[in-house]
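Residues 21 to 192 in the working numbering are what the sequence shown spells out, letter by letter.
Derived by calculation from the structure, the hints in this document are not laboratory data.
Each hint should be verified, as a subset may be incorrect.
Quick list of in silico lysine to any residue cross-link-like pairs, SDA-like style, CA-CA up to 25 Å [as the list claims (entries may be wrong)]:
id : residue 1 : residue 2
1  : Lys149    : Glu162
2  : Lys50     : Gln134
3  : Lys129    : Val188
4  : Lys129    : Ala76
5  : Lys50     : Gly104
6  : Lys174    : Ala37
7  : Lys174    : Arg53
8  : Lys50     : Gly89
9  : Lys171    : His150
10 : Lys82     : Gln112
11 : Lys125    : Glu162
12 : Lys129    : Gln108
13 : Lys174    : His150
14 : Lys125    : Arg71
15 : Lys50     : Pro87
16 : Lys82     : Arg71
17 : Lys125    : Ile170
18 : Lys171    : Gln134
19 : Lys129    : Arg166
20 : Lys50     : Asp168
21 : Lys50     : Leu31
22 : Lys50     : His113
23 : Lys125    : Gln108
24 : Lys125    : Thr152
25 : Lys171    : Pro127
26 : Lys50     : Arg133
27 : Lys174    : Gln121
28 : Lys149    : Ala37
Label-pair ranges, simulated between beta-carbon atoms [stated by the list, open to error]:
id : residue 1 : residue 2 : range
29 : Arg53     : Leu182    : 52 to 62 Å
30 : Leu32     : Asn100    : 21 to 31 Å
31 : Asn148    : Glu109    : 14 to 24 Å
32 : Ser85     : His160    : 51 to 61 Å
33 : Ser106    : Asn43     : 44 to 54 Å
34 : Glu75     : Asn167    : 31 to 41 Å
35 : Gly104    : Lys129    : 18 to 28 Å
36 : Lys125    : Ser102    : 28 to 38 Å
37 : Leu186    : Asn67     : 55 to 65 Å
Ideal placement from N, C-alpha and C gives every residue a C-beta, glycine not left out.
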Amino acid sequence: MLKLIGSVLILLSGTLAGFYQANQFASRPKQIRELTLMLQRLLTEINYSYRPLAEALSQIGKQASEPLGRLFISAADHMNSSQGLSAQESFQHAMNRYWSQTAMKQPEKEAIRQLSFSLGTSDREEQNKHITLAIQQLNHEEASARNDQIKYEKMSRSLGLLVGALIVILIL
Numbered sequence: 021m022l023k024l025i026g027s028v029l030i031l032l033s034g035t036l037a038g039f040y041q042a043n044q045f046a047s048r049p050k051q052i053r054e055l056t057l058m059l060q061r062l063l064t065e066i067n068y069s070y071r072p073l074a075e076a077l078s079q080i081g082k083q084a085s086e087p088l089g090r091l092f093i094s095a096a097d098h099m100n101s102s103q104g105l106s107a108q109e110s111f112q113h114a115m116n117r118y119w120s121q122t123a124m125k126q127p128e129k130e131a132i133r134q135l136s137f138s139l140g141t142s143d144r145e146e147q148n149k150h151i152t153l154a155i156q157q158l159n160h161e162e163a164s165a166r167n168d169q170i171k172y173e174k175m176s177r178s179l180g181l182l183v184g185a186l187i188v189i190l191i192l
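Starting from the given sequences, assemble the full structure and let the hints guide the process.
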């Protein structure tokens with residue numbers, strides 16, 4: 021009886037691990053798309069609203085879903101803090117804290133890191149160019165993420181179940 025319960029738990033945990041990994045493959049393109057939309061909103065804020073950068077980031081973060089909204093709000097909070105951090109330092113702190121909660125990978129992080137160097141330090145036209153470049157990079161990464169999703173999402177689900185079954189067979 022104890023072996024049966026243990027076998028079911030192992031099989032269930034393997035299956036859940038596979039479904040979790042499949043969910044990561046499905047979430048990455050969605051989050052990249054949302055990040056792209058957030059940068060397009062930032063572009064609009066820079067061009068038309070004349071809000072301070074921290075206020076614009078906070079407003080965009082409030083409109084976004086989690087965890088990306090927290091990333092932008094945290095960056096805005098760091099900029100508004102008594103330390104008066106730059107946009108680059110603020111984004112670095114926010115990414116260190118919240119990036120692991122996203123399904124995104126290093127190329128997306130690098131695009132945002134590169135963008136943070138120019139935010140708040142250059143004129144409107146230069147910021148527009150840098151944001152547009154980041155959007156193009158993210159669009160490329162989204163296409164790559166969709167390809168990965170198509171290739172690996174179903175396989176991850178199946179592999180989780182099969183690994184769980186293999187462990188059960190080896191134990192018995």
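Checklist line | Unsatisfied constraints (hint numbers, rising) | finding: Structure breaks hints 3, 5, 9, 13, 14, 18, 21, 28, 29, 30, 32, 33.
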